[in-house]
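*Asks:* Chains P and G, in that order, are what the protein sequence lines are. When we follow the working numbering, the leftmost residue of the first sequence carries the number 392, and every step to the right adds one. When we follow the working numbering, the leftmost residue of the second sequence carries the number 392, and every step to the right adds one.
Treat the hints with care, as some may be off.
As the list makes no split between identical chains, a pair holds if one copy fits it or if it spans any two.
[Claimed, not checked] In silico SDA-like pairs for lysine to any residue, Cα to Cα no more than 20 angstroms straight-line:
{"no.": "1", "residue 1": "Lys468", "residue 2": "Met450"}
{"no.": "2", "residue 1": "Lys491", "residue 2": "Asp622"}
{"no.": "3", "residue 1": "Lys580", "residue 2": "Ala713"}
{"no.": "4", "residue 1": "Lys473", "residue 2": "Val519"}
{"no.": "5", "residue 1": "Lys454", "residue 2": "Met706"}
{"no.": "6", "residue 1": "Lys663", "residue 2": "Thr463"}
{"no.": "7", "residue 1": "Lys546", "residue 2": "Asp670"}
{"no.": "8", "residue 1": "Lys525", "residue 2": "Lys663"}
Source of the hints: derived by calculation from the structure; they are not laboratory data.
There are 2 protein chains.
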Amino acid sequence: MDLRAESRKLSVTLHLGTSAMIKTPYLLFLGDVPDQLSAKVAQGIKDWRPDNAVGQFRMDGCKADVGLGDMTLAEAKSKGAKTLVLGVANRGGYISDAWKAVLMDALNMGYDLASGLHNLLRDEEDLVALAAEKGCELHDVRVPSVEYPIATGVKRSGKRVLAVGTDCSVGKMYTALALDEAMRAKGMKSTFRATGQTGILITGDGVPLDAVVADFMAGSIEYLTPANDDDHWDIIEGQGSLMHVSYSGVTLALVHGGQPDALILCHEPTRKHMRGLPDYSVPTMQQISDLALPLARVGNPACQVVGISVNTQHMSEDEAVAYLAGVEAEMGMPAVDPFRHGAERLADAIAAL
Amino acid sequence: MDLRAESRKLSVTLHLGTSAMIKTPYLLFLGDVPDQLSAKVAQGIKDWRPDNAVGQFRMDGCKADVGLGDMTLAEAKSKGAKTLVLGVANRGGYISDAWKAVLMDALNMGYDLASGLHNLLRDEEDLVALAAEKGCELHDVRVPSVEYPIATGVKRSGKRVLAVGTDCSVGKMYTALALDEAMRAKGMKSTFRATGQTGILITGDGVPLDAVVADFMAGSIEYLTPANDDDHWDIIEGQGSLMHVSYSGVTLALVHGGQPDALILCHEPTRKHMRGLPDYSVPTMQQISDLALPLARVGNPACQVVGISVNTQHMSEDEAVAYLAGVEAEMGMPAVDPFRHGAERLADAIAAL
């Protein structure tokens, strides 16, 4: 039985590819998507990790352009591309024949494939067979490829900061990526740690936390943010909200598995109700702070809330500046919109800890 | 692709059996386990749902006895038994040849099989093949057999009470089962809702929450505790603890998915540290109350903490009585050990809501 379990584990590993890391650099597959929004993930790769992509691959009718040079599979290969990344949303929930032909060509040329699509590469028998034949890896970043441990709660060296939101989709990933960039610009040691599929595709590594089995959630975050240099910071992408009843358990696993030294509150002030929950009003930043901090201190008694990131995309510049000043006065800590004004002041707050 | 997804779903369903409910009554398989503790789950079935079992099946060398009549497979079948339940721990993590022979005999006679073992019935090819041939179901209660929805947070009719603990394994299942019994004895409408494998085997239904994928945890609890009569109570088995860093996310999914009207605090006062976490001290009941209540009120603003269940197994009767009186005075609500003194006072507190 141990042998059988081992062989099962091995077959899963082979099926998924031999590594959890996605090899860079990428060629970004944009397919024939009908608009720019459908290429949001590819755009994120271009914006945040431009060195991770040598170019973009567009098919007839493609209406997206992430601003990288158009390349054929062969051209990108000659530039060193190792993985064809499907950083797009597909139509109708399936991989079309036209897309499939490109993916098969890519495997034939030795590309690995990586995808954030809901429908999985591993469910396409022709892709699986050809990948096995060619020794290529298929990465479905929506599903875990690692057997995560149960969390131990043991104190780890190094520092960690976690983005916690008043709601889902308020800009926690953007905040974490911008903070990572600002901290590096200051010469600090930092690593963005992805916990969702977009972040995983951008950086090539991470934990798809929403797809992890319940008992292993906190352990997967310990695995993602291991012991490190005393002056190194993991910038952990947040998920959900402690007050979003659909996903709050996922958020708490981040708070406890991440052992954060610092929390950044993330908020979107124009939202009328919790995302997907019309009967639930959005909590205040103070409410989330009051809830998150005692919970975080269970795992790390030194944890502090150090700053606020506000997504002001639905406000004018004047409104945004006035709102941020008000929040800053009320909460007594830096409040910025990292998209408008950068994350330097959040990085300063962390450096001052 | 839709067809393919459907066929995949179908094959999973067929593989697992056509129903999530385990058919009762059971014959309890005790195998050849070396001590009474190894038959803990079978004992739970006998203690809490005696009508669910017609007898016990023991092999040579079995050192456990749950106090039901010994029966052969044929005798139990003639008494109406529908499922052979493996309510035992096995040795070495595998299903022995001797056990396998009994399980094959049972399938040949038309029994379904249900198991809480770590190693799964569905991984035994001979069992799977014979079950398919005979039209029998294999229930592995450690893994979900339902595609749970995402939680909606929509207010449901009916009432719910959730057991929340200061730590793991402090008696939350026992408390919930005893409370259910006491409420029924008072003529109240109540249903124990299992969230772990032991409870699922005892009652024949439930959600194995620790094995549910993160995004669906709260939704699985909404599924488990649907709208009901206004005067009906779901008694929801708790899991983990909001302050246990390994499993707290699972607990919060119960607090938010369960939409509880009432919380019962569960505590074991002699524990030196959190279970499995030597560096973490056990919180006080007041700490858990202060943490759980605001979280529960996100989903149900009317939620109240109504009583306390203390596991006093490591205290003398005098110590237990004195301790409970102290807790009751301090917390201002009924504090009982349901194992020593029954759960009537907890049922009264709920009835008084």
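*Asks:* Which of the listed hints are broken here?
*Replies:* 2, 3, 5, 6, 8
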